[in-house]
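Given the sequences, and given the hints that come with them, work out the whole structure.
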Amino acid sequence: MSSTTWYRGIVVGVDGSGDSLGALDWAARAADVHEARLTVVATHATPPAPVPGFGDTVRDTRDEARRAAQAARDRLAGRRPGGREVEVVVLPGAPAHVLSQRSRTCDLVVVGRRGLDALDRVLVGSTSSALAASSPGTVVVVPAGATPDDPSLIRVGVERDDEPDVLGTAFAEAAARGCPLEVLHVVGTDPVGSALHQADPLAASWHEAAREDLADQVARWSEKYPLVSCSVVIRRGDPAGVLLEDLTPGDLVVVGGRRHPTVLGRMLRSVPDAVLRGAPCPVLVVHSRRPAE
Numbered sequence: 001m002s003s004t005t006w007y008r009g010i011v012v013g014v015d016g017s018g019d020s021l022g023a024l025d026w027a028a029r030a031a032d033v034h035e036a037r038l039t040v041v042a043t044h045a046t047p048p049a050p051v052p053g054f055g056d057t058v059r060d061t062r063d064e065a066r067r068a069a070q071a072a073r074d075r076l077a078g079r080r081p082g083g084r085e086v087e088v089v090v091l092p093g094a095p096a097h098v099l100s101q102r103s104r105t106c107d108l109v110v111v112g113r114r115g116l117d118a119l120d121r122v123l124v125g126s127t128s129s130a131l132a133a134s135s136p137g138t139v140v141v142v143p144a145g146a147t148p149d150d151p152s153l154i155r156v157g158v159e160r161d162d163e164p165d166v167l168g169t170a171f172a173e174a175a176a177r178g179c180p181l182e183v184l185h186v187v188g189t190d191p192v193g194s195a196l197h198q199a200d201p202l203a204a205s206w207h208e209a210a211r212e213d214l215a216d217q218v219a220r221w222s223e224k225y226p227l228v229s230c231s232v233v234i235r236r237g238d239p240a241g242v243l244l245e246d247l248t249p250g251d252l253v254v255v256g257g258r259r260h261p262t263v264l265g266r267m268l269r270s271v272p273d274a275v276l277r278g279a280p281c282p283v284l285v286v287h288s289r290r291p292a293e
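When you line the sequence shown up against full-length UniProt numbering, it's residues 1 to 293, in that order.
Fair warning: there could be bad hints in the mix.
Derived DMTMM-like pairs: lysine to aspartate or glutamate, alpha-carbon spacing no greater than 20 Å straight-line [unchecked claim]:
{"id": "1", "residue 1": "K224", "residue 2": "E208"}
{"id": "2", "residue 1": "K224", "residue 2": "E182"}
{"id": "3", "residue 1": "K224", "residue 2": "E212"}
{"id": "4", "residue 1": "K224", "residue 2": "D149"}
Derived from the structure by calculation, the hints contain no laboratory data.
What follows is the structure, encoded as structure tokens:
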């Protein structure tokens, strides 16, 4: 995802809900920006083998998926995002699995974020969070109320061990959308870490080296995208909390993915997962593709 035109296309998952139609609007705008082919995917559950008595249930879920696909067609109303015909498909399988497989062969997968109940906030993962945690490709999660317009600000959270794709994707998107980019690095403030940092000059040296490394990375990407207005911010605090500060529904957040089961990510208080659950704006989760993918 480093050029203006995306040749592998954009895939958006829909289920007929208002959240998924909002994701469709966002995906259609992204297709226009990147001159990309847009594919709309609706899924329905199907057992791995025939199960007596479940035929009606399977037919019902298939019919629901077809209605979701038609709702997407109606929403687009003949539009040709990216200047191309839209492909609308209904596929068997769990949404997270189907879209994860699709992410291997497209530039971006877009999904809506449903409202989270108390249990989901603690333990259970939705399709969007499961996909963002385990997808081999890059994912955008669009919450209710987010605008499909070009973002007013792109904020990218970077860590020293992030893949270059994270910062590169943020710069490329800022260039394509014509909006400012804020590069944010957050130094944690846990009591043990802070005490060690103050007592150990090697820790201070490591943090200084991290700052210099970040400045070098930003300088290299700024050379490639000279028209992007970029600022670098280094803060102390809770990484997810700082990333979420002062965001609006019209912004875009970019974070690096950490592949793990969704429940494990919640238990470990993964930063990407916390940002996904709390952001009022779309969140772009970058997974670097491995050679086999």
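Right, here's what the structure says about each hint:
1. Note on K224 and E208: the hinted pairing is violated, with a Cα-Cα distance of about 25 Å set against a maximum of 20 Å.
2. Restraint check for K224 and E182: the C-alpha separation of about 16 Å stays at or below 20 Å, so the hint holds.
3. For a cut-off of 20 Å, the pair hint linking K224 to E212 stands: about 19 Å separates their Cα positions.
4. Between K224 and D149, the direct Cα distance comes to roughly 25 Å. Violation of the 20 Å bound is thereby established for this hinted pair.
The structure fails to meet hints 1, 4 from the earlier list, while all remaining hints are met.
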